Amino acid sequence: MARLRWLYIICLYRMSFRQLVHVVSVKPRQADSGFFVAQHSVKIQNYRPDIDGLRAFAVLSVVLFHVFPSSLPGGFVGVDIFFVISGFLISGIMYKGMDAGTFRFSTFYAHRIKRIFPVLVVMMLACYVFGWFALLPDEFQTLGREMLGGAGFYANLLLWQDTGYFDSVAHTKPLLHLWSLGVEEQFYFTWPLILFAFYRFRRAVVGVIILLVFASFATNLHLMTIDSAGSFFSPLSRFWELLAGAMLALWLRRSPDLYLGHSQRAHDALSLAGLSILLAAVMLLNEHDIAFPGWWALLPVLGACLLIYAGSGALVNRTLLSSPVVVWIGLISYPLYLWHWPLLSFSRIVLEHDLSGGWRILMVMLSILLAWLSWRWIERPIRFGIPGPGKVVALCLLMVIVAWLGRDAEVRHGLPFRINLPASALDDGVDSFPVCNPAIGHGPSAPEFCRRSPLQRPSDSVVFGDSHARSLFPGLANQDHVHSWLLLAHPKCPPTLGVAIGTPKEGQDCSARRERILTYIKDSPAIRTVVLAFFADYIFDDDFAQQRIIDHWAESVQMSSPDYPGASKPELFYHGLENTVKYLTNANKKVIVVMDVPELPFLINDCIKRPLFNMARSCELKRSTIVWRQGKMRSLLQRLAVNNPKVRVFDPLDVFCDRTQCHIMQNDRVIYRDSDHLNFFGSSMLAPAFLSWMRTPASTYKLR
945 MARLRWLYII CLYRMSFRQL VHVVSVKPRQ ADSGFFVAQH SVKIQNYRPD
995 IDGLRAFAVL SVVLFHVFPS SLPGGFVGVD IFFVISGFLI SGIMYKGMDA
1045 GTFRFSTFYA HRIKRIFPVL VVMMLACYVF GWFALLPDEF QTLGREMLGG
1095 AGFYANLLLW QDTGYFDSVA HTKPLLHLWS LGVEEQFYFT WPLILFAFYR
1145 FRRAVVGVII LLVFASFATN LHLMTIDSAG SFFSPLSRFW ELLAGAMLAL
1195 WLRRSPDLYL GHSQRAHDAL SLAGLSILLA AVMLLNEHDI AFPGWWALLP
1245 VLGACLLIYA GSGALVNRTL LSSPVVVWIG LISYPLYLWH WPLLSFSRIV
1295 LEHDLSGGWR ILMVMLSILL AWLSWRWIER PIRFGIPGPG KVVALCLLMV
1345 IVAWLGRDAE VRHGLPFRIN LPASALDDGV DSFPVCNPAI GHGPSAPEFC
1395 RRSPLQRPSD SVVFGDSHAR SLFPGLANQD HVHSWLLLAH PKCPPTLGVA
1445 IGTPKEGQDC SARRERILTY IKDSPAIRTV VLAFFADYIF DDDFAQQRII
1495 DHWAESVQMS SPDYPGASKP ELFYHGLENT VKYLTNANKK VIVVMDVPEL
1545 PFLINDCIKR PLFNMARSCE LKRSTIVWRQ GKMRSLLQRL AVNNPKVRVF
1595 DPLDVFCDRT QCHIMQNDRV IYRDSDHLNF FGSSMLAPAF LSWMRTPAST
1645 YKLR
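In the numbering used here, each number is its position in the sequence shown, counted from 1, plus 944.
No lab work stands behind these hints, which were simulated from the structure alone.
Be careful, since some hints might not be right.
Derived pair list, reagent style DSSO-like, types lysine-lysine, alpha-carbon separation capped at 30 Å [to be verified]:
no. : residue 1 : residue 2
1   : K1513     : K1566
2   : K1040     : K1335
3   : K1449     : K1576
4   : K1513     : K1533
5   : K1534     : K1466
Label-pair distances were calculated between CB atoms; the ranges are [as the list claims (entries may be wrong)]:
no. : residue 1 : residue 2 : range
6   : S1389     : L1216     : 53 to 63 Å
7   : H1166     : L1295     : 38 to 48 Å
8   : M1309     : C1340     : 28 to 38 Å
9   : S1636     : A1162     : 51 to 61 Å
10  : K1576     : P1402     : 29 to 39 Å
All values reported here derive from a predicted model rather than from experimental measurement.
Glycine included, each C-beta is placed from N, C-alpha and C at the ideal position.
Using the sequences provided together with the hints, build the complete structure.
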């Protein structure tokens, strides 16, 4: 027996690579990964290697986009190609089962679990273990939340909701890519039920699919006008892509004669057209220049449909997509998609966010290795090994464990005992203060940040603005025992009356909240002092954060006002701020404007020693750099103070900077919670200086 085994191995070794791939890919037990469809060669096949080749095109597009985004700016459409392939293959399996009368929901979902869960569970557990030793509490808390969303297949909904200003940046979310799995599995929670109800009615099912495609696509277009993030992450605006594949599968199944009637040239032309469309999409589309998905999503969907429809005998399909190496990449495309992003994300987190070209290539190679190992030793044995319910039960239990670990990390604030760092170090402490009066704190136009001092008397002083007002509040409310402070703030919503900030929907919502807050302040006689605090980057055409590869929100922020057509951002912001000041001073309120705190060109997490990777950087800035950076806003506030003598302007620069340097840590404690928001310690450090200044006689504001 031993000799026979070695003889078999030698025979395998001498086979060509093409034969090996063929052996791996066309085994009967893999028939459920293909689709029963008539080919141009009038052969009935269960497996189409060219579809695995199309998977390879999709996954390589996504990976290259994540690794070298400028080289393949439209590579993100690879996810849309995956959606079409999934809808085509999985719907085809359901059609086959329903035609034969053998379709069972239990069998269908058992197959889905054995297909999706194994590598996903291993990948998330690996992220948890690595994160335990590498991540700071806030990062580990975010990872836990992502694990819970990944295990429950609603990661896309989490990302849709994570539009708040304190949300972590994309590059530091190791499980960001699981949003697409969320969309796909949400589709398969509902699509089999709809199909089962209508499939027996031959014409009805076609009408239902067409209706759903148009409804979903219309939802996509509608959300693009009011909520672009919703259009990207909402399942309702993405289902049409999977349904396009489902419609194609139904057409090929029910109209094989029409399909077979095309000439070989027609099939070749279709495949060339499909490939050309996909190449144009991945090379020409750019996330910064277009609104995606919208109408642009038609390109990858149409290109994928044309290549699938062309058949495995078409020119592109049989030569390029069916080549052994491409098919092999397609076979490992799912684990490759799962592994590549966590490796890149963790690398950016640990290595201060910027990666060299060599390191990125190394991560791609490691991703491919992990993908092959996962496919060979995890995915295939579980999917095609000994049948029985035990595997499904075990996989479900493992996924429950993953969800519990994620929930535990989220609820327990990232398990800070792993690192010698107080749990509050990266927290501003605002949520520990009492909620404010329901008259202003409740309702659709209520500010998101609405808190008050613990003093049991009506509020006489208000901090009003955006998330930077939130950062200022806790120190004042905790240390001032004379005034009763009230926080009325909303993220990305500065106190610029009459000037809309952000997208049309964001601007409308912000204006409603701003007007409600101002009306409440005016109608509250107990309120005598209003402090305006806000982010300084609204008026800039660039972002200090460009140096750190994180959120470039400020450079793309929209600003408009019908009262000031054609005005620049600084002018619009000035007029909006002055409108607010005049409104409040006319209501006999004392107004103080706070200059923004120094903004950092790096993440505060880079300054903290990690549990395993002790790579903390030196975190100091030149004072001259900060003064230069804030120059436009300082000039704007000086102009405001000159034109409005009743207004006072507080400059916190001397609190954080000496003559030459600005310090990010005090007494070995960080004072920021991210790159531009103070934590509770930083707010508490600023409060005494502000309160002391507040009690002194008014003075003229001068640009430093």
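Outcome of the hint check:
1. K1513 to K1566: holds, 27 Å
2. K1040 to K1335: holds, 25 Å
3. K1449 to K1576: Judged against 30 Å, a Cα distance of about 28 Å means the pair holds.
4. K1513 to K1533: holds, 27 Å
5. K1534 to K1466: At roughly 12 Å apart (the allowed maximum being 30 Å), K1466 and K1534 satisfy the hint.
6. S1389 to L1216: 53 to 63 Å: This hint holds: roughly 54 Å between Cβ atoms.
7. H1166 to L1295: 38 to 48 Å: Given about 41 Å between the Cβ atoms, the range holds.
8. M1309 to C1340: 28 to 38 Å: 33 Å Cβ-Cβ, so the 28 to 38 Å window holds.
9. S1636 to A1162: 51 to 61 Å: holds, 59 Å
10. K1576 to P1402: 29 to 39 Å: holds, 38 Å
Consistency note: the structure conflicts with none of the earlier hints.
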